[in-house]
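> For reference, the chains in residue letters:
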Amino acid sequence: GENVEQHPSTLSVQEGDSAVIKCTYSDSASNYFPWYKQELGKRPQLIIDIRSNVGEKKDQRIAVTLNKTAKHFSLHITETQPEDSAVYFCAASIQAAGNKLTFGGGTRVLVKP
Amino acid sequence: ETGVTQSPTHLIKTRGQQVTLRCSSQSGHNTVSWYQQALGQGPQFIFQYYREEENGRGNFPPRFSGLQFPNYSSELNVNALELDDSALYLCASSLSGYDSPLHFGSGTRLTVT
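Sequence order for the protein chains is Y and H.
The first sequence: position 92 = 92 (this note's numbering), numbered continuously.
The second sequence: position 39 = 1039 (this note's numbering), numbered continuously.
Simulated from the structure, these hints should not be mistaken for laboratory data.
Fair warning: this is a prediction, and the values are worked out from it, not measured in the lab.
Glycine included, each C-beta is placed from N, C-alpha and C at the ideal position.
Please note that a few of the clues may not be correct.
What the hints assert, rightly or not - Derived list of chain Y stretches under chain H, where covered just means 3 residues or more per stretch with a C-beta under 8 angstroms from a C-beta of chain H:
#1 16 to 26
#2 87 to 100
#3 103 to 113
Said to hold, decoys possible - Under 10 angstroms between C-beta atoms, here's a sample of chain Y residues computed to sit facing chain H:
#4 V4
#5 N31
#6 Y32
#7 P34
#8 Y36
#9 D49
Let the hints inform the model, and build the full structure from the sequences given.
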């Protein structure tokens, strides 16, 4: 089955700096890649997603890039703010299997003021 | 628009007991997925229900079972509880498309002693 690995497991950045989280996936048939943000004690919330027919997608300070050949995708957060502190999860799914997501292990991001 | 609600929020059970967790899906959604999130890890797919039928299952034993009702709400049942079943159980509702975003509830924190 699909395996998603996520790095780093923790990331500390200074407010205003950029943060980058990387994920690799094993199944080349995967074609949908969402990112979820989970604040302490709260539910995971979708922040951005990308489909395999697109190489990059941006939404304000957040962007995601996808390299299908290398089977990896990344989340980029620019101009980080304290409210960006949370655990971020990448995930992947295969169209034939519907929206059953395989998640990475998570990255705890701490933005220091 | 009503979001995904789960009950109860916390639960303490003894090894060997049985538990039922409940989920009300977001209005307009016809698909419910259940995930198990152990402390410090990413959510793991348990199973998904679409139109009252199981529509895919992850690597969980048969003592994990579920139901979906005509109003698209759902239950997760776990029999013969084990200590390793202690986790946050997340319910997510969505439409049925492979790239339909999952909308998570706040979860049920299950502790097995």
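> Failing hints, ascending?
1
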